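Novice: This is what each chain is made of:
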Amino acid sequence: MYEGVVQNLIDELGRLPGVGPKSAQRIAFHLLAADPADVTRLTEALREVKDKVRFCSVCGNVAEAEQCRICRDARRDTHVICVVEEPKDVVAIEKTREFRGRYHVLGGAISPIEGVGPDDLRIRELMQRLADGEVTELILATDPNLEGEATATYLARLVKPMGLTVTRLASGLPVGGDLEYADEVTLGRAFEGRRLLDV
Amino acid sequence: MSLYRDEGVVLRTQKLGEADRIVTILTRRSGRVRAAAKGIRKTKSRFGARLEPFTHVDLQLYERRSLDLITQAETLRPYGERLVFDYPRYTAGTAMLETAEKLTPIEKEPALRQFLLVIGGLRTLVEGGHDPRLVLDAYFLRSLAIAGYAPSLEECARCGERTGRAFAIAAGGMVCGSCRPPGSASPAEATVGLMIALLRGDWARADSSEPRHRLECSGLVAAYLQWHLEHGIRSLKHVEREAPSERSGRPRDEVGRGVSEEPSATVEFEREAAGFGREAPERAASFHGMTLNNDHE
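Residue numbers (full-length UniProt numbering), protein chains in the order written: chain A, 1 to 199; chain B, 1 to 297.
Hints listed in this document are in silico derivations from the structure and should not be mistaken for laboratory results.
All of these numbers come straight from a predicted model, not from anything done at the bench.
Incorrect hints may have been included.
Stated by the list, open to error - Each computed DSSO-like pair below joins lysine-lysine, with the alpha-carbon atoms no more than 30 Å apart:
1. A:K22 x B:K38
2. A:K88 x B:K38
3. B:K237 x A:K160
4. A:K50 x A:K22
5. A:K95 x B:K102
6. B:K42 x A:K88
7. B:K15 x B:K237
8. B:K15 x B:K102
Input sequences plus hints: build the corresponding full structure.
Specialist: Structure, rendered in structure tokens:
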């Protein structure tokens with residue numbers, strides 16, 4: 001146990017995800033020894049992130065204005081919406097430079113065992129976006145795990161009567177992996193989604 | 001500290017650190033086990049989808065002081081892969097897994113009967129022959145019976161008279177007019193009949209029940225379960241009822257997809273052992289005879 005402010009700092013750092021008491025102590029002593037300008041920059045960044053960052057009123061992504069950069073961009077295709085669980089999934093898809101449509105961030109996935117149901121996600125907002133008929137394709141890019149698949153199933157069933165094209169991201173073998181280590185479910189899906197090799 | 005081998009059903013997973021997960025498994029020999037799966041969240045993890053909830057897996061674990069470590073996993077049956085494309089069945093399945101976890105409160109205490117019952121319940125859900133909510137209610141009643149909380153349905157829970165007309169959760173089931181405590185429910189006779197059918201595995205009778213009696217039965221069973229568990233089942237409020245038209249005449253293959261299900265002799269035995277066989281008229285007379293005498297391996 002340290003005295004006063006040092007212990008306070010260790011306690012606060014220890015509340016961060018993945019930071020245990022030892023790590024908190026190491027970070028606290030690193031900050032104590034660091035250049036004051038570095039620490040000021042860190043505190044400014046922390047303050048700014050809470051003051052300026054909010055969630056986009058259209059898609060639910062993180063934004064510094066009423067709408068996020070992607071929703072404000074007039075060059076993006078307004079006919080396609082890609083549904084993801086978290087804002088970090090938007091970044092992952094943007095890195096591919098393959099998708100030019102817009103996003104919808106649900107804020108999680110349906111997980112009854114954790115008490116998260118459809119009403120706890122931004123599904124109502126998604127249905128409102130689809131109501132005007134401008135969107136023609138909905139890409140379901142929830143995580144390829146059980147909760148993500150269940151969420152995709154739920155959404156597909158919900159929007160089916162609207163006559164949209166509903167697609168799901170392909171599942172299969174990771175590039176650079178070994179076939180012998182693939183599990184049966186993944187390998188099964190890779191077979192289901194095999195494509196014609198046109199050489 | 002040693003390696004051990006077991007098979008089990010994955011009940012739940014929780015994120016741990018950067019790329020790991022804590023996996024809760026109801027195993028055949030060791031009861032409920034919590035173990036760490038290192039690197040499972042990485043795309044190239046050798047575990048892949050083997051440790052997703054609902055998966056029946058063959059495991060090798062390394063015993064440690066706190067959390068055991070999963071060193072190898074092989075899929076025996078990926079029930080989740082088939083349930084996840086049918087939302088009402090998926091939600092019923094999650095309530096089943098949550099209940100199995102709550103009914104095995106002590107880690108590593110063998111719970112073979114609960115394990116067999118979960119396997120039987122999941123198989124029945126995947127096969128798609130019955131309303132998923134009926135399968136769930138049958139699971140609730142039987143898992144409670146294994147845990148020692150079987151409701152008394154054919155005689156008064158207090159005095160043993162065969163004239164029970166009201167359902168009193170705290171009393172332990174049906175009660176007669178003179179034992180009836182204030183606030184008891186008065187279910188329809190057909191509802192009580194449905195509960196008896198579900199407890200015995202009389203699917204012909206359960207499948208022919210009316211929706212209003214199924215609804216009443218679900219309410220009573222859910223209240224009875226949660227009273228005995230002293231906990232709410234969080235998944236329950238998300239369990240969706242299947243529209244009657246969705247079920248009728250649906251071929252088995254349309255319920256799930258992908259992985260083929262060839263019933264082996266062992267699995268057939270286990271399904272029967274767990275009391276989820278389609279028809280069990282010859283054993284219908286005794287629920288205990290059906291489910292509780294199968295703890296041999």
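Novice: Evaluate each hint against the coordinates.
Specialist: To see whether the hints hold, each was checked on the structure:
1. A:K22 x B:K38: holds, 21 Å
2. A:K88 x B:K38: holds, 22 Å
3. B:K237 x A:K160: holds, 24 Å
4. A:K50 x A:K22: holds, 27 Å
5. A:K95 x B:K102: violated, 42 Å
6. B:K42 x A:K88: holds, 15 Å
7. B:K15 x B:K237: It holds: about 24 Å lies between the C-alpha atoms, which stays within 30 Å.
8. B:K15 x B:K102: Holds, because 20 Å separates the two Cα atoms, which is no more than 30 Å.
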